[in-house]
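4 protein chains.
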Amino acid sequence: MNKAIGHKTWAIAEGYIPSYGTGPEPAFTSHETACILNTSDQDATVSIWIYFEDKDPIGPYIQKVPARRTKHLRFNDLQDPQPVPRDTDYASVIESDVPIVVQHTRLDSRQSENALLSTIAFPVNS
Amino acid sequence: MNKAIGHKTWAIAEGYIPSYGTGPEPAFTSHETACILNTSDQDATVSIWIYFEDKDPIGPYIQKVPARRTKHLRFNDLQDPQPVPRDTDYASVIESDVPIVVQHTRLDSRQSENALLSTIAFPVNS
Amino acid sequence: MNKAIGHKTWAIAEGYIPSYGTGPEPAFTSHETACILNTSDQDATVSIWIYFEDKDPIGPYIQKVPARRTKHLRFNDLQDPQPVPRDTDYASVIESDVPIVVQHTRLDSRQSENALLSTIAFPVNS
Amino acid sequence: MNKAIGHKTWAIAEGYIPSYGTGPEPAFTSHETACILNTSDQDATVSIWIYFEDKDPIGPYIQKVPARRTKHLRFNDLQDPQPVPRDTDYASVIESDVPIVVQHTRLDSRQSENALLSTIAFPVNS
Chain C
1 MNKAIGHKTW
11 AIAEGYIPSY
21 GTGPEPAFTS
31 HETACILNTS
41 DQDATVSIWI
51 YFEDKDPIGP
61 YIQKVPARRT
71 KHLRFNDLQD
81 PQPVPRDTDY
91 ASVIESDVPI
101 VVQHTRLDSR
111 QSENALLSTI
121 AFPVNS
Chain V
127 MNKAIGHKTW
137 AIAEGYIPSY
147 GTGPEPAFTS
157 HETACILNTS
167 DQDATVSIWI
177 YFEDKDPIGP
187 YIQKVPARRT
197 KHLRFNDLQD
207 PQPVPRDTDY
217 ASVIESDVPI
227 VVQHTRLDSR
237 QSENALLSTI
247 AFPVNS
Chain H
253 MNKAIGHKTW
263 AIAEGYIPSY
273 GTGPEPAFTS
283 HETACILNTS
293 DQDATVSIWI
303 YFEDKDPIGP
313 YIQKVPARRT
323 KHLRFNDLQD
333 PQPVPRDTDY
343 ASVIESDVPI
353 VVQHTRLDSR
363 QSENALLSTI
373 AFPVNS
Chain R
379 MNKAIGHKTW
389 AIAEGYIPSY
399 GTGPEPAFTS
409 HETACILNTS
419 DQDATVSIWI
429 YFEDKDPIGP
439 YIQKVPARRT
449 KHLRFNDLQD
459 PQPVPRDTDY
469 ASVIESDVPI
479 VVQHTRLDSR
489 QSENALLSTI
499 AFPVNS
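Protein chains in written order, with the working numbering: chain C, 1 to 126; chain V, 127 to 252; chain H, 253 to 378; chain R, 379 to 504.
It cannot be assumed that every hint is accurate.
To be verified - Pairs of lysine to any residue, SDA-like flavour, derived with a Cα cap of 20 Å: (1) C/64 / R/432; (2) C/55 / V/190; (3) C/3 / R/473; (4) H/316 / H/329; (5) V/129 / C/72; (6) H/255 / V/221; (7) R/433 / C/7; (8) H/307 / R/419; (9) C/3 / R/382; (10) C/55 / V/171; (11) V/129 / C/57; (12) R/381 / H/306; (13) H/316 / V/178; (14) V/129 / V/193; (15) R/433 / C/4; (16) R/442 / H/308; (17) C/64 / C/87; (18) R/381 / H/311; (19) R/381 / H/309; (20) H/307 / R/382; (21) V/181 / H/306; (22) C/55 / C/7; (23) H/307 / R/441; (24) V/190 / C/57; (25) V/129 / C/4; (26) R/442 / H/304; (27) R/442 / R/476; (28) R/381 / H/304; (29) R/386 / C/123; (30) R/433 / C/72; (31) H/255 / V/182; (32) R/433 / C/45; (33) H/316 / V/179; (34) C/55 / V/129; (35) V/134 / H/256; (36) V/181 / H/320; (37) C/8 / C/63.
It is worth saying that the hints were derived from the structure and are not from the lab.
Build the full structure now, drawing on both the sequences and the hints.
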């Protein structure tokens with residue numbers, strides 16, 4: 001199976017990276033992840049824009065997801081054009097040049113036991 | 127990227143704000159959030175209606191989400207026309223004059239460790 | 253707002269009611285909930301079928317959701333034609349005579365701190 | 379009700395099986411589950427492909443879901459063609475010869491209190 005599945009644009013309205021966590025690093029670092037799946041036989045170039053409550057969006061953050069691969073991208077790790085601010089509400093839009101599937105997950109380790117959330121991102125019809 | 131994405135009407139069938147919580151306020155106050163993303167270049171006027179099990183819906187609660195901004199709206203903070211009752215099952219419908227994306231998140235801090243849930247809201251085709 | 257929104261058929265592939273829990277009852281009883289929203293001006297008659305791994309489906313469980321009301325239905329409370337078995341994997345299909353919106357939530361209180369999950373149910377196009 | 383509902387192809391971009399857990403086995407073993415519902419009157423043959431970050435996909439894992447049955451499939455239990463590696467990010471694509479509904483759930487018991495996540499999988503239009 002290597003046909004392309006999914007959409008070229010996805011939105012995640014929820015985003016928040018706590019500035020601290022508990023537990024062994026890096027598995028239990030509080031983190032916010034976009035899980036991206038590229039089933040096609042073409043490498044995907046993915047552009048991410050981060051939206052805020054009180055300032056202009058930042059981006060694009062450029063990521064590669066090779067053909068027939070998944071990438072579990074931690075927003076914590078984005079550096080260019082600038083790190084995603086901690087303790088700040090944000091949202092994101094993810095655009096790709098080939099169809100992909102995107103799922104959103106957060107591990108919150110601020111308290112002694114971690115909490116998890118996950119949801120399919122919103123697929124935008126183009 | 128500043129084209130409008132999403133839908134003008136969204137529904138969240140689940141809603142419940144516990145009347146108490148544990149942990150430092152306000153980050154660990156039990157809360158129920160509608161994360162709204164407006165990627166368009168027009169400010170959005172958002173009208174929220176709250177539905178109950180045993181009485182008529184209340185609303186509209188009016189909120190602004192500026193162009194190219196996100197707003198993580200805590201139902202706890204809604205005051206006008208009246209606060210959302212605690213310890214009460216509710217649901218909500220969110221209508222906007224420009225397309226938006228809505229995701230639903232709850233942090234439940236009633237016990238010593240917080241629990242999280244999140245899901246994309248239901249996008250209504252108009 | 254009292255137009256009908258949603259779908260007439262929904263599916264929830266996940267279902268599991270633990271047979272025990274911890275914490276004050278009934279708020280912290282482990283439970284599995286279908287949150288149903290009926291925004292229309294007609295009362296909804298809802299029929300629920302429960303599917304299992306190794307026996308025929310059971311149903312219909314009949315529930316009413318009045319016009320412009322929500323109902324947060326605990327699967328724990330279903331009694332007729334028979335209670336939903338505990339500690340058993342199941343799935344459900346929810347059919348309504350008017351369009352509704354359905355969201356699935358579980359509170360798992362088997363351990364000392366509760367865990368939560370939620371997702372929009374799968375809307376079936378009719 | 380025994381008409382077929384759902385889609386023939388689903389994708390889950392998120393996947394991760396921790397290599398350890400706490401609590402009584404097997405209920406509290408950390409696990410990753412695809413909950414599959416087949417409402418049709420035909421048995422379904424389901425083929426699962428696992429995608430990785432840095433190597434070619436593995437599959438197909440073949441599973442049967444009988445007519446009018448659900449199957450809550452733990453990725454932990456997949457053995458043929460080979461077990462799913464632990465502590466490794468993956469994604470999955472699920473294909474069936476009859477329409478099914480798929481929901482994704484994880485129980486993470488690495489810490490003393492379990493955490494849960496769940497989301498509807500991504501339904502692919504064929």
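Now the hints, each set against the structure:
1. C/64 / R/432: 12 Å, holds
2. C/55 / V/190: 15 Å, holds
3. C/3 / R/473: Distance ~13 Å between residue 3 of chain C and residue 473 of chain R Cα, so the pair holds.
4. H/316 / H/329: 14 Å, holds
5. V/129 / C/72: 27 Å, violated
6. H/255 / V/221: Status holds; Cα separation ~13 Å.
7. R/433 / C/7: Given that 20 Å is the threshold and the Cα spacing comes to 23 Å, the pair is violated.
8. H/307 / R/419: Given pair residue 307 of chain H, residue 419 of chain R holds - Cα atoms ~14 Å apart, limit 20 Å.
9. C/3 / R/382: Violated. Residue 3 of chain C to residue 382 of chain R sits at ~24 Å, over the 20 Å cutoff.
10. C/55 / V/171: With Cα atoms ~18 Å apart, residue 55 of chain C and residue 171 of chain V stay inside 20 Å; holds.
11. V/129 / C/57: 13 Å, holds
12. R/381 / H/306: With a Cα-Cα distance of about 19 Å, the restraint between residue 381 of chain R and residue 306 of chain H holds, given a limit of 20 Å.
13. H/316 / V/178: 14 Å, holds
14. V/129 / V/193: With a Cα-Cα distance of about 10 Å, the restraint between residue 129 of chain V and residue 193 of chain V holds, given a limit of 20 Å.
15. R/433 / C/4: 18 Å, holds
16. R/442 / H/308: OK: residue 442 of chain R and residue 308 of chain H at ~16 Å, within 20 Å.
17. C/64 / C/87: 27 Å, violated
18. R/381 / H/311: Holds: residue 381 of chain R and residue 311 of chain H sit about 15 Å apart, inside 20 Å.
19. R/381 / H/309: 13 Å, holds
20. H/307 / R/382: With a Cα-Cα distance of about 18 Å, the restraint between residue 307 of chain H and residue 382 of chain R holds, given a limit of 20 Å.
21. V/181 / H/306: Answer violated: residue 181 of chain V to residue 306 of chain H is near 41 Å, above 20 Å.
22. C/55 / C/7: Violated, because 28 Å separates the two Cα atoms, which is more than 20 Å.
23. H/307 / R/441: 18 Å, holds
24. V/190 / C/57: 18 Å, holds
25. V/129 / C/4: Not OK: residue 129 of chain V and residue 4 of chain C at ~25 Å, beyond 20 Å, violated.
26. R/442 / H/304: Holds: residue 442 of chain R and residue 304 of chain H sit about 14 Å apart, inside 20 Å.
27. R/442 / R/476: 11 Å, holds
28. R/381 / H/304: Holds, because 16 Å separates the two Cα atoms, which is no more than 20 Å.
29. R/386 / C/123: 18 Å, holds
30. R/433 / C/72: Roughly 14 Å separates the two Cα atoms, so the pair holds.
31. H/255 / V/182: 14 Å, holds
32. R/433 / C/45: 18 Å, holds
33. H/316 / V/179: 11 Å, holds
34. C/55 / V/129: Roughly 17 Å separates the two Cα atoms, so the pair holds.
35. V/134 / H/256: 15 Å, holds
36. V/181 / H/320: Measuring from Cα to Cα gives roughly 9 Å; hence the hint holds.
37. C/8 / C/63: 14 Å, holds
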